[in-house]
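Keeping the supplied structure of chain U fixed, place chain W upon it in accordance with the hints.
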Amino acid sequence: MLITFGCIAIFFAVIVVILQLSGIRDRDFTEYAVGGRSFGPGYQAMSFLNTWYPGAMFTAFGGMAASAGVISFYVLSYSLLTVVLMYLIARPVWIWGKTFGLHTQPDLLALRFNSRHIKTIAAVIGIASGIPWLVLGMQALGTLFQYMSLGTLSFSEAVIVGVAIIALRQVWTVRMGMRGVVISDFAQGIVAYVIGVIVLLGLIAWMVLSQDITFSSLDDAKFAIPSLGSKEGPLYVFSLILTGTIGGWCWPYIFVRLFTADGVHSLKKSAALAVPLSLAFGVSLLMFGMLGAQVQGVSAAPNDVWFIVAQKAGGLWLLGLAGVIVLAASMGHADGNIQATGAQIANDLVGNYWNLDQRQLIIIAKIGMLALTILASWLACLDLPALFQLAVLAYQGIIQLAVPQFLGIFWKRGNTYGAIGGMVAGFVTAIVLELIYPGYLPWAFGLTSGAVGLAVNLAIYVAAAYLFPRSGAEQQRVDGLFKLVEEKQSAAFAGSRVATQPA
Amino acid sequence: MPAFKRDLRNAQPRWVSAWFCADAIIALAPPLYWAFDGDRTPILGVPVVVLYFIAVSTCTALSIIAAYLSEAFRGEIN
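Top line first, the protein sequences correspond to chains U and W.
Mapping of the first sequence onto the working numbering: position 242 corresponds to residue 346, and the numbering continues sequentially without gaps.
Mapping of the second sequence onto the working numbering: position 45 corresponds to residue 302, and the numbering continues sequentially without gaps.
Where hints are given, some of them may not hold.
Computed Cβ-Cβ distance ranges for the label pairs, DEER-style [unchecked claim]:
id	chain 1	residue 1	chain 2	residue 2	range
1	U	Arg581	W	Leu319	34 to 42 Å
2	U	Ala563	W	Ala286	40 to 48 Å
3	W	Ile300	U	Phe549	27 to 35 Å
Don't read these hints as lab results, they were simulated from the structure.
The beta carbon of each residue, even a glycine, is placed where N, CA and C say it ideally should be.
Okay, chain U solo, but in the shape it has when bound (with noise of 0.2 Å):
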């Protein structure tokens, strides 16, 4: 136990130092809320990747692989193809954030619709939908220090002392704001997905050469795919990809990113610079715990995959190291969530409606973030058997952002009506369906209920951008913020062919 706990406290104390040395001084909200706009592709690169992907990584969807197979392999489409998604979006919502000065996801969309109370809306759903993640993050570190200690800790004490850390870590986070979690990404992304990507396929090539595990002796059923006559319907994998494509950039803590960076040539760069590594981490991951589902003990408890295997084949240091990545994955994911929720509640929330200066949003955020890491710290603590059901849920919600968001960005015609309309119609859709029909619906092909949701949601918002016809000052309003991107776009294509032009 001296080893396991003594891996975790040397890793924790050294993010503490570079947090500590990185001596960050909140001089405004923008400092606070988006780390003044200053980040290379190098930190937003790894900032994306440590938020994106969570220490339940390891558990959750190395346990799918273990127990469903070749499914869980939607995970990673998803993830990359969501990558292309942000490409799209960076130039327009990087130049938006600049010149209007936005902080947050809502800030973006209460611009483009000319609207106060969608920004509360979105707020709304973005902060409920991302309470039962964190709160599901800090359980998972229940399943990693019940390991740490050898089985000494009852798994509720487990969860308790994993809450306990991922609290105290929060002290560094309420403190320093983004930039703090930034710099902090960036150490605690290189444990997780570089030293991990290594820890993985030295396991994976332990598994084969030394314990003769191969993708030979897995029964059949790991390698379905539901299709035509399955259980879930023809639709399902479309859907869940599908979904969790556009549903990545909803997330509040995700999308803060497009503003983190000092540029749109970075947020291009970066995303070139996370996909070879997210690419590595998944496979191996998904590969690895494919094969780890013939590790003695794993068919029994296929979420502690990573845990088991790595005690195995490497004993307490490996054990005490695996802990260190699940854990360093764990705290990028519960701080950018957690400072992404303060900023929303002052922001958008209190912001909205009382007109505050910056010392007062930077209050009001860190009393924010304050009182959500003490519910999710107490939520987590409690008997919660229908979380994982809530999450799903609020991830079928949160996707319902999306019609706004980048039909916004893209198609001059939506209005504050349809955005409105179709987000509330598109997340109570979800919602209702989802409690009837949990995870898929068998009458729809197995598509499942965000995808519904979101069909309902396009069609309302379309309906009205040709129902209800803006003003000629909000038609022009609007224009000026396409031309705008226009403008950048064509300076930087004029700049690009002046430098090209021989002497």
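Just chain W now, kept in the frame of chain U:
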């Protein structure tokens, strides 16, 4: 319309847009993944159905890298 004007209208070169569309089609088109359902024929020890997902993801990753390199090479990102 001069080529420069066309470029202004389309943020990405056409081949990049086509590659991005192909990423979506090969990842999402149900008949494609139905075709690989349960196919465990090994290629270098890895079942074809696993290779399908790896190929889709590799294609997507390469498209993003190629798009960035293309824009960076032409100096069109700032």
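Quick rundown of the hints versus the structure:
no., hint, verdict
1, U:Arg581 x W:Leu319: 34 to 42 Å, "holds, 40 Å"
2, U:Ala563 x W:Ala286: 40 to 48 Å, "violated, 23 Å"
3, W:Ile300 x U:Phe549: 27 to 35 Å, "holds, 31 Å"
In this structure, the one hint that does not hold is number 2.
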